[in-house]
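Protein chains in written order, with my numbering: chain A, 355 to 653; chain B, 355 to 653.
Some clues are possibly wrong.
Because identical chains share one entry, a pair is satisfied inside a single copy or across any pair of copies.
Restricting the straight-line Cα-Cα distance to at most 20 angstroms, the calculated cross-link-like pairs of lysine to aspartate or glutamate (EDC-like) are [claimed, not checked]: (1) Lys556 with Asp535; (2) Lys543 with Asp510; (3) Lys542 with Glu646; (4) Lys369 with Glu625; (5) Lys369 with Asp535; (6) Lys556 with Asp525; (7) Lys579 with Asp525; (8) Lys579 with Asp534; (9) Lys579 with Asp535; (10) Lys516 with Asp501; (11) Lys543 with Asp525; (12) Lys542 with Asp519; (13) Lys556 with Asp501.
To be clear, the hints were calculated from the coordinates, so they are not data collected in a lab.
If you're wondering where the values come from, they're calculated on a predicted model, not measured in any experiment.
Number of protein chains: 2
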Amino acid sequence: MSVLIVGSTALDSIKTPHAENPRLLGGSASYAAVAASFFSPVKLVGVVGEDFPQRYVQLYRRHRIDLTGLQRLPGKTFHWSGEYEANMNRRRTLLTELGVFETFTPTLPAAHQGAQFVLLANIAPSLQHHVLEQMQRPRFVAADTMDLWLNVALPDLLKLVKRLDLFVLNDSEAQQLTGDDNLFTALKKIHRLGPEYVVIKKGSHGSILSGPRGLFLCPAYPLRKVVDPTGAGDSFIGGMMGCLAAAKGPIDSQIRRAMIYGSVVASFCCEGFGLGRTTRVTRAQIDQRAKELERLTGF
Amino acid sequence: MSVLIVGSTALDSIKTPHAENPRLLGGSASYAAVAASFFSPVKLVGVVGEDFPQRYVQLYRRHRIDLTGLQRLPGKTFHWSGEYEANMNRRRTLLTELGVFETFTPTLPAAHQGAQFVLLANIAPSLQHHVLEQMQRPRFVAADTMDLWLNVALPDLLKLVKRLDLFVLNDSEAQQLTGDDNLFTALKKIHRLGPEYVVIKKGSHGSILSGPRGLFLCPAYPLRKVVDPTGAGDSFIGGMMGCLAAAKGPIDSQIRRAMIYGSVVASFCCEGFGLGRTTRVTRAQIDQRAKELERLTGF
Numbered sequence: 355m356s357v358l359i360v361g362s363t364a365l366d367s368i369k370t371p372h373a374e375n376p377r378l379l380g381g382s383a384s385y386a387a388v389a390a391s392f393f394s395p396v397k398l399v400g401v402v403g404e405d406f407p408q409r410y411v412q413l414y415r416r417h418r419i420d421l422t423g424l425q426r427l428p429g430k431t432f433h434w435s436g437e438y439e440a441n442m443n444r445r446r447t448l449l450t451e452l453g454v455f456e457t458f459t460p461t462l463p464a465a466h467q468g469a470q471f472v473l474l475a476n477i478a479p480s481l482q483h484h485v486l487e488q489m490q491r492p493r494f495v496a497a498d499t500m501d502l503w504l505n506v507a508l509p510d511l512l513k514l515v516k517r518l519d520l521f522v523l524n525d526s527e528a529q530q531l532t533g534d535d536n537l538f539t540a541l542k543k544i545h546r547l548g549p550e551y552v553v554i555k556k557g558s559h560g561s562i563l564s565g566p567r568g569l570f571l572c573p574a575y576p577l578r579k580v581v582d583p584t585g586a587g588d589s590f591i592g593g594m595m596g597c598l599a600a601a602k603g604p605i606d607s608q609i610r611r612a613m614i615y616g617s618v619v620a621s622f623c624c625e626g627f628g629l630g631r632t633t634r635v636t637r638a639q640i641d642q643r644a645k646e647l648e649r650l651t652g653f
Numbered sequence: 355m356s357v358l359i360v361g362s363t364a365l366d367s368i369k370t371p372h373a374e375n376p377r378l379l380g381g382s383a384s385y386a387a388v389a390a391s392f393f394s395p396v397k398l399v400g401v402v403g404e405d406f407p408q409r410y411v412q413l414y415r416r417h418r419i420d421l422t423g424l425q426r427l428p429g430k431t432f433h434w435s436g437e438y439e440a441n442m443n444r445r446r447t448l449l450t451e452l453g454v455f456e457t458f459t460p461t462l463p464a465a466h467q468g469a470q471f472v473l474l475a476n477i478a479p480s481l482q483h484h485v486l487e488q489m490q491r492p493r494f495v496a497a498d499t500m501d502l503w504l505n506v507a508l509p510d511l512l513k514l515v516k517r518l519d520l521f522v523l524n525d526s527e528a529q530q531l532t533g534d535d536n537l538f539t540a541l542k543k544i545h546r547l548g549p550e551y552v553v554i555k556k557g558s559h560g561s562i563l564s565g566p567r568g569l570f571l572c573p574a575y576p577l578r579k580v581v582d583p584t585g586a587g588d589s590f591i592g593g594m595m596g597c598l599a600a601a602k603g604p605i606d607s608q609i610r611r612a613m614i615y616g617s618v619v620a621s622f623c624c625e626g627f628g629l630g631r632t633t634r635v636t637r638a639q640i641d642q643r644a645k646e647l648e649r650l651t652g653f
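Model the full assembly from the supplied sequences, consistent with the hints where possible.
Put into structure tokens, the structure is as follows:
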């Protein structure tokens with residue numbers, strides 16, 4: 355099965371204490387699509403401007419990503435610029451130029467409307483909702499979000515969450531959304547908003563799944579060096595959805611393994627700037643790291 | 355095998371946003387001893403004053419803790435008072451009255467000097483060292499510490515760490531000790547100080563073991579309500595050492611399971627004030643939660 359991935363496609367200028375890299379390929383959909391491509395065919399829906407480098411189109415193509423849904427509009431590609439602090443846990447945005455993204459409306463090509471696995475990567479919840487409106491009968495719909503939408507578009511987000519099978523958010527967003535400091539009671543409250551599956555991401559502390567079979571504590575792969583964490587969360591959910599789309603059998607029996615694989619792709623993502631490391635990784639390296647994660651938690 | 359546990363024996367007055375409990379049984383050795391007692395016989399070494407309630411002596415006895423090494427001196431028992439913030443992650447000390455602890459020198463009864471498993475629970479590193487000087491040939495020596503000793507007694511601590519088999523500290527202490535934000539490279543640096551095994555505790559995010567067989571990522575049990583986290587770290591290492599002392603076979607093949615059990619006892623500790631919940635737990639409940647932790651991480 356293929357995965358339909360809708361989200362932002364951007365150019366990221368990233369500064370860390372050790373280096374500065376201008377105009378890398380970025381955006382939630384780019385990270386998620388490349389991550390998912392290791393496991394299943396991917397259909398990308400997004401928008402870029404006239405300045406979008408041809409080499410990034412080629413990068414998508416090397417990952418056999420279907421670009422039928424990638425609009426190219428007059429104007430500039432969404433450009434984000436950010437700077438990380440020494441320990442890589444906090445970043446601040448230096449600049450956001452929306453460009454063609456400002457008026458973006460994701461319109462699905464007819465061939466995409468029957469997709470079974472849909473990932474609504476982080477964009478405005480109203481756009482995520484607009485995508486769902488165009489779908490026929492997807493089997494499994496997941497969405498990611500960010501604190502911005504909790505602050506400025508909460509009613510839209512709550513409307514969306516009702517229709518999801520899987521909602522993914524990070525720990526501070528879960529606490530903000532529920533007003534609950536305890537992640538396990540926060541999970542219960544988020545289920546009440548609609549989704550059967552909820553995943554809370556905790557960065558280097560791993561992630562927690564709550565679903566019909568109860569909780570799963572998913573570890574993060576131990577990284578001795580984090581080069582650039584940008585896109586790690588998008589890579590996680592992208593890898594997870596790619597894995598789910600490729601798997602046979604009920605979601606419930608596959609979702610833990612899918613999280614492990616998402617966690618592994620996210621770990622590779624952190625080892626390079628932008629998609630620099632992820633695009634050089636082989637499926638065999640991913641499988642090996644997934645096995646290693648199993649050994650690291652077994653007792 | 356029995357475990358020799360040396361550390362503080364105290365009265366704790368604990369305030370949380372929900373309740374206030376004066377003069378509970380506390381101290382690193384008390385928590386560790388009760389935790390270890392579920393798995394092996396325990397010999398406690400510590401000091402209390404004339405005000406030490408008889409009911410706490412009875413509590414130790416109910417856990418079959420050997421009190422030959424518990425000195426009772428003229429004066430007052432060490433009294434600590436602290437207050438937790440709403441999310442239970444931060445606490446501040448309101449009062450510390452050292453009492454008889456001020457001049458405490460742990461002297462081992464002859465019968466204790468041949469102990470095979472030794473836990474130097476959190477006290478001044480010079481006292482921990484003094485205990486080691488009295489031992490014959492212990493098989494496995496573990497020590498815990500706290501930020502205070504990194505600040506005021508670092509040379510003593512480094513001298514002690516050289517002689518340990520297992521050094522346990524929390525994440526912020528590991529970062530302070532090594533000047534390294536990355537826990538995995540910090541672990542490597544701590545090995546260079548001496549110990550073959552190092553455990554970094556991360557509170558509700560679990561703990562990490564580094565040893566001859568590599569890393570082990572140990573989960574924390576998911577708690578929907580934390581009543582009082584005081585003593586959780588002491589319970590963790592106490593349970594772990596009790597488990598190791600009871601196990602057959604090389605340390606290396608037992609230590610992961612021992613950590614899981616330590617983690618389970620620590621989770622019970624957080625569910626009540628002081629030792630209130632831990633002392634009411636059965637071994638069957640502990641085994642059940644350990645099995646549950648296995649299910650929560652398996653995939």
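These are the hints, each one checked on the structure:
Proximity of Lys556 and Asp535 under a CA criterion of 20 angstroms is satisfied in both settings, with 13 angstroms inside one chain copy and 17 angstroms between copies. In this assembly of identical chains, Lys543 and Asp510 lie within 20 angstroms of each other by CA distance solely inside one copy; the values are 18 angstroms within and 49 angstroms between copies. For the homomeric pair Lys542 and Glu646, the shortest alpha-carbon distance between copies (19 angstroms) is at most 20 angstroms, but the shortest distance inside one copy (31 angstroms) is not. Taking CA atoms no more than 20 angstroms apart as the test, Lys369 paired with Glu625 passes inside one copy only; the shortest distance there is 15 angstroms, against 43 angstroms between copies.
Proximity of Lys369 and Asp535 under a CA criterion of 20 angstroms is satisfied inter-copy only: 19 angstroms between copies versus 31 angstroms inside one chain copy. With identical chains, the CA atoms of Lys556 and Asp525 are at most 20 angstroms apart both within one copy (6 angstroms) and between copies (16 angstroms). For the homomeric pair Lys579 and Asp525, the shortest alpha-carbon distance between copies (17 angstroms) is at most 20 angstroms, but the shortest distance inside one copy (23 angstroms) is not. With identical chains, the CA atoms of Lys579 and Asp534 are at most 20 angstroms apart between copies only, with a shortest distance of 11 angstroms across copies and 32 angstroms within one.
In the homo-oligomer, the alpha carbons of Lys579 and Asp535 lie at most 20 angstroms apart only across protomers (10 angstroms), although the nearest pairing inside one protomer, at 29 angstroms, exceeds that limit. Proximity of Lys516 to Asp501 under the C-alpha cut-off of 20 angstroms is restricted to the intra-copy arrangement: shortest distance 18 angstroms within a copy versus 46 angstroms between copies. Taking the shortest Cα distances, Lys543 and Asp525 sit within 20 angstroms of each other inside one copy (14 angstroms), while across copies they are farther apart (30 angstroms). Taking the closest pair of Cα atoms, Lys542 and Asp519 come within 20 angstroms of each other only inside a single copy of the chain (15 angstroms); across copies the shortest separation is 42 angstroms, beyond that limit.
Taking CA atoms no more than 20 angstroms apart as the test, Lys556 paired with Asp501 passes inside one copy only; the shortest distance there is 14 angstroms, against 25 angstroms between copies.
Hint compliance for this structure: every hint is met.
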